[in-house]
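Asker: Here's the letter readout for the chains.
2 protein chains.
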Amino acid sequence: MHTIEGGVTAAKGFLASGIASGIKKRKKDLALVVSLQECTFAGSFTTNLVKAAPVLWDQKLVAESKTVKGIVINSGNANACTGKQGMEDTKTMASLTALALGKSFGSESILVCSTGVIGVPLPMDTVTKGIGLCAKELKEGKEAASLAAEAICTTDTFSKEIAVEVAIGDTMVHIGGMAKGSGMIHPNMATMLSFITTDAVIEKSVLQQLLGNTVVDSYNMISVDGDTSTNDTVLVLANGMSQCPSLVPGGPYWDDFTQAFDYVHTYLAKAIVRDGEGAGKFIEVQVNGARDKKTAQTLARSVVKSNLVKAAFFGSDANWGRILCAMGYSGASFDPACVTLSFASAKGSLVVVKEGQPIVFDEKLAKTILLEKEVQVFANVGEGSGSGTAWGCDLSYEYVRINGDYRS
Amino acid sequence: MHTIEGGVTAAKGFLASGIASGIKKRKKDLALVVSLQECTFAGSFTTNLVKAAPVLWDQKLVAESKTVKGIVINSGNANACTGKQGMEDTKTMASLTALALGKSFGSESILVCSTGVIGVPLPMDTVTKGIGLCAKELKEGKEAASLAAEAICTTDTFSKEIAVEVAIGDTMVHIGGMAKGSGMIHPNMATMLSFITTDAVIEKSVLQQLLGNTVVDSYNMISVDGDTSTNDTVLVLANGMSQCPSLVPGGPYWDDFTQAFDYVHTYLAKAIVRDGEGAGKFIEVQVNGARDKKTAQTLARSVVKSNLVKAAFFGSDANWGRILCAMGYSGASFDPACVTLSFASAKGSLVVVKEGQPIVFDEKLAKTILLEKEVQVFANVGEGSGSGTAWGCDLSYEYVRINGDYRS
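Those protein sequence lines, which keep their order, are chains A and B. Residue numbers for the first sequence follow this note's numbering, beginning at 1 and rising by one. Residue numbers for the second sequence follow this note's numbering, beginning at 1 and rising by one.
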């Protein structure tokens, strides 16, 4: 497996486009991802009880449709908390897209995603015109993928793309993806918006199960602000156009494929955190020695979610007590008297607590380590062999500024 | 029941003092609350698995001691995550205080609380001298109570005191209290530090049960930053010196007393939120129409805890979608299609969602309402008769500034 240039069009037979339709004032806000052949597909969605209309639509398709043709995505408006009109508008987006792609497709072959402000009806005149224009722009190639990746962004400061190539027997298979953040990020079972395309040959039920396993270690292990969105969606399309051997769990190429698949999802999840609203630092928290993996993941997640830990990182302050405090209220079981804690970055590493006892450390070295843009926290709880890693960012003035006036 | 001037010395037979011992650079940092007669007592403590040494000490006393004589409290250092030395230092604080009060008391008659930075050993030379000096300053009267209330503060911008008088039969009974916030506030089962004294006659087991019920509706319903501290403690001392009829559940004066008792705790809990780190706004979220009280409280708490809701209030932005979103991920059950939401303040009120449908509202009026310092959110989920109220504050630049460099 190796990375290649590109995004959602890296896999054979996928087209994309992204345009400024007018939902936002100036920026790109509408994207299409379409496959030349019908795709098996999988989806993972927010656990928020309040689900946006497009989430409900996509869940229905995952349950009822065998294949899909593509995805239409708008940014600038989440179409969430928009009542009955919201569901009507989602259906209209699907049927308009199907119509633009050719008369043989029904609306149930188009997945729909929306992201942006909650509680405002979609401007459907604008969206209707936009879908027609966007369909005319559909192209192969990495430029088209980049336009789509740009069009799905909201407060993101950079677009997030990845593509890899992996040999499945004698066939090269491609997996490409794009995602958007960057606030209301505390995924639970799925996340924000992430779209993966592949030309692998894989059955729908197998793909769905694989995605379910992947989100646990990727999107579900990141947090920007602890708010689980109403629109979190991960969609995977597989059109089989590489004509590789069919991928089945336990089969000869399964591990190669899943490794590449996991890599793509984890890359995008981490990219979302790197671009967290107002984020100046990328924080990785690795918990080892827990009684099991779930315990380690719960502990790691609690640390990256803590406002006080995040604010301390903003100030490059080695306030490790807040880390132990956040582990303590996580609900996971461990013995504080056995914990060893250390900080690390490109500038070195430093043990601050050893088996529950605070260590007198060099504050200047601590500051030097923590002033880096990427910082790691290692916590060993000394109980077993469970490990888990979570990714987060600092809490900055900029986060407050962005979110104090998001709608304006 | 009516409020009177004063704090922890309002009840008969309670003395207090507060001094600057030198744990902090300049400010007051050591306080004593002592009763002339032995007290029945009750405590409620943090659910954080990482518990500060004084929390462990006080829990032992609640389990094993029948009565206590008083409380010693230091600010500027939490004595949390301080290993074995931390517990030794707590015991020393208790025994030094007992010694200063007279030879007939053992260390197990003194409760201990600490608040401040985590993970730094207490400067015991300074604390030892301080306890001797503080004991000499013990006095009756509201000035002494105010000095103690000041000495327990950390980043608090004002000290928090309350006193009430309630007639129990022919006897006037007094309840007084003080508390400190103002960061790492997301109590679960107890909170930060809060100290209540009363001259009521009440058995230890009855007092403990009453306190358990009270924290559910007061401290457990506030949030500043979602971080449950390692030191959260509520302590109640009752010395019986009013010689009122003994208070028992279901007895003739029980409702009068519990009403006053709840009032004092809720007042202090709300005061902590009003003085939340960096807080510019006080936010009350009232959920009605839930299937039961617990559901309503879970929904209300999730809203005041959301960073995105808090940041929207900072910007006086009527971004109600974030409120519905936070209710949605709370884990509590409700039907989003039945929710009615409104904002209110001294400047008026405004319905923004009616039975799940967004209402077009006057943005200027919304801004006028939300620019007030005290704002209310009403959510009716239209299912039953369960109600719950939570209190929180906005998320400001100032919160980030305070916590980006707390240790310096």
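Among these hints, one or two may not hold up.
When chains are identical, the list treats them as one kind, so a pair holds in a single copy or across two.
[Said to hold, decoys possible] Below are the DMTMM-like pairs computed for lysine to aspartate or glutamate, each with C-alpha atoms no more than 25 Å apart in a straight line:
hint	residue 1	residue 2
1	Lys136	Glu108
2	Lys367	Glu398
3	Lys84	Glu355
4	Lys24	Asp256
5	Lys84	Glu383
6	Lys27	Asp255
7	Lys103	Glu88
8	Lys25	Asp317
None of these hints come from the bench; they were simulated from the model.
Asker: Take the hints in turn and mark each one as holding or not.
Answerer: How the hints compare with the structure:
1. Lys136 with Glu108: within (21 Å within a copy, 81 Å between copies)
2. Lys367 with Glu398: both (22 Å within a copy, 22 Å between copies)
3. Lys84 with Glu355: For Lys84 and Glu355, the Cα distance is within 25 Å only across copies (11 Å; inside one copy 56 Å).
4. Lys24 with Asp256: neither (41 Å within a copy, 59 Å between copies)
5. Lys84 with Glu383: between (52 Å within a copy, 20 Å between copies)
6. Lys27 with Asp255: neither (40 Å within a copy, 62 Å between copies)
7. Lys103 with Glu88: within (21 Å within a copy, 80 Å between copies)
8. Lys25 with Asp317: Answer is between: at 20 Å across copies they meet the 25 Å cutoff, but 40 Å inside does not.
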